[in-house]
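A.B. asks: Spelled out from the first residue to the last, the chains are:
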Amino acid sequence: MTTRPVKVWDLPVRLSHWSFVGLVFAMWYTSENSLWWWHTRLGVVLLGVLIFRIVWGIIGTRTARFANFVRGPSHIIAYLRGQHSKDANIGHNPLGALAVIALLSVMLVQVGMGLFAGDPYDGATGPLNGFVGVLTADMLTEWHEIFFYVVLGMIGLHITAIGVYAFIRMDDIVGPMVTGKREAQESVEGIASADWGRVAIAFVVAAGIALWVWFGAPPLS
Amino acid sequence: MNRFHTVRLSAITASLVLLAACGGEAGTEPEETAAAEAEPAVIEERQENYEAIGDAFKAIRGQMESGEPDFAEIEAQATDINARAQRITGYFPSGTSVDAGYDTEALMTIWEEPAEFETAAQNFVDASAALVTAAASGDAAAVGEQAKEMGGTCKACHDKFRLDTD
Chain D
1 MTTRPVKVWD LPVRLSHWSF VGLVFAMWYT SENSLWWWHT RLGVVLLGVL
51 IFRIVWGIIG TRTARFANFV RGPSHIIAYL RGQHSKDANI GHNPLGALAV
101 IALLSVMLVQ VGMGLFAGDP YDGATGPLNG FVGVLTADML TEWHEIFFYV
151 VLGMIGLHIT AIGVYAFIRM DDIVGPMVTG KREAQESVEG IASADWGRVA
201 IAFVVAAGIA LWVWFGAPPL S
Chain F
1 MNRFHTVRLS AITASLVLLA ACGGEAGTEP EETAAAEAEP AVIEERQENY
51 EAIGDAFKAI RGQMESGEPD FAEIEAQATD INARAQRITG YFPSGTSVDA
101 GYDTEALMTI WEEPAEFETA AQNFVDASAA LVTAAASGDA AAVGEQAKEM
151 GGTCKACHDK FRLDTD
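So the protein lines, in turn, are chains D and F. Going by UniProt numbering, the first residue of the first sequence is number 1, and it counts up by one from there. Going by UniProt numbering, the first residue of the second sequence is number 1, and it counts up by one from there.
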């Protein structure tokens, strides 16, 4: 059976993915080393990338869209039973879809809490700190610290799953997230390249919201 | 770095107080510089003192934001802050700055400009004493005003004598 490389992930999906890797690491590093100037700013950048990925999940290419890969329990069970054709369904499998949703959700929750965290009399604060009372901010700050372990747990699960695919199922899923392509049968049709007009829309929406949050969500503040 | 070392470092760094509200698990500098000697106990003591001050000030602001402030509680917290404020200058023996390689945000300016540091600490003592008086009067506006005033003395000292991390 002959195979050829087909495109499965567009550039915005791949760039978002690897930005998450770099930014989550940077967020951990800057907090461990009290680099709050960077931590607050990179946190808002991470918020922007999250929004970008969510918008791209609505207007992006076939494999980027949530509607095309988020599946109900019956599909997940079928997948776990092996009743799922990788070639007939390029993109996220029903189980991987859960990982996408879970990872995006925990990052959003974590960034969301960070926006309100801190104490204006004691070091750095998130840009929306002024919207909540001092005790609420204090509580969110503690949750923000603790919730990092949930983020870490999800990442651990994600990397474990990648390992299972690579070493047990002999399926490299990291390579395609880098190159955008994987080997598939002749009959499989890859995705188109990202439409740059749509990329621009997602970028403007994401950057706009992130900047608005950074400046304290005027005129609400 | 082995696991036990990591745990030990975390235990030290977790007590970093000046950033208590922001979560103080800071870096690994002690290992690179002053790790050979144990960190002077006074560093942890002064950080605990600042952390308690921070918690008391949060409790006071929380009371004010509640709309129905408990002035007896505010007075008790302000009294605690005042007692702790008076101890501050005693917590800074020479050789305990960030330049000595310890996990602290105490700048060398504390020892380079001792008179200014004492004045800054005294301003805080005075402002916290005034907050006790305001709380005793039960006047919410006066308490709010004086709480801001006292917060200003915290900030003034931090701006000059504490390592800026944001």
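Honestly, the hints are just simulated from the structure, not real lab data. Glycine included, C-beta positions come from ideal geometry on N, C-alpha and C. Any given hint might turn out to be false.
[Said to hold, decoys possible] Taking lysine to any residue pairs in the SDA-like style, the calculated list, with each CA pair at most 25 Å apart, reads:
| no. | chain 1 | residue 1 | chain 2 | residue 2 |
| --- | --- | --- | --- | --- |
| 1 | F | Lys155 | D | Trp37 |
| 2 | F | Lys160 | D | Ser85 |
| 3 | F | Lys148 | D | Lys7 |
| 4 | F | Lys155 | D | Arg41 |
| 5 | F | Lys148 | D | Leu135 |
| 6 | F | Lys148 | D | Gly216 |
| 7 | F | Lys155 | D | Tyr149 |
| 8 | F | Lys160 | D | Arg41 |
| 9 | F | Lys148 | D | Leu220 |
| 10 | F | Lys148 | D | Leu128 |
[To be verified] Anything over 12 Å on all C-beta distances counts as not near chain D; from chain F, calculated:
| no. | residue |
| --- | --- |
| 11 | Pro40 |
| 12 | Glu44 |
| 13 | Thr133 |
| 14 | Ser137 |
| 15 | Ala140 |
[As the list claims (entries may be wrong)] Per the computed footprint, the stretches of chain D lying under chain F, defined by three or more beta-carbons under 8 Å from a beta-carbon of chain F, are:
| no. | region |
| --- | --- |
| 16 | 34-45 |
| 17 | 91-100 |
| 18 | 113-122 |
A.B. asks: What hints, given by number in increasing order, does this structure fail?
C.D. replies: 2, 3, 7 and 17
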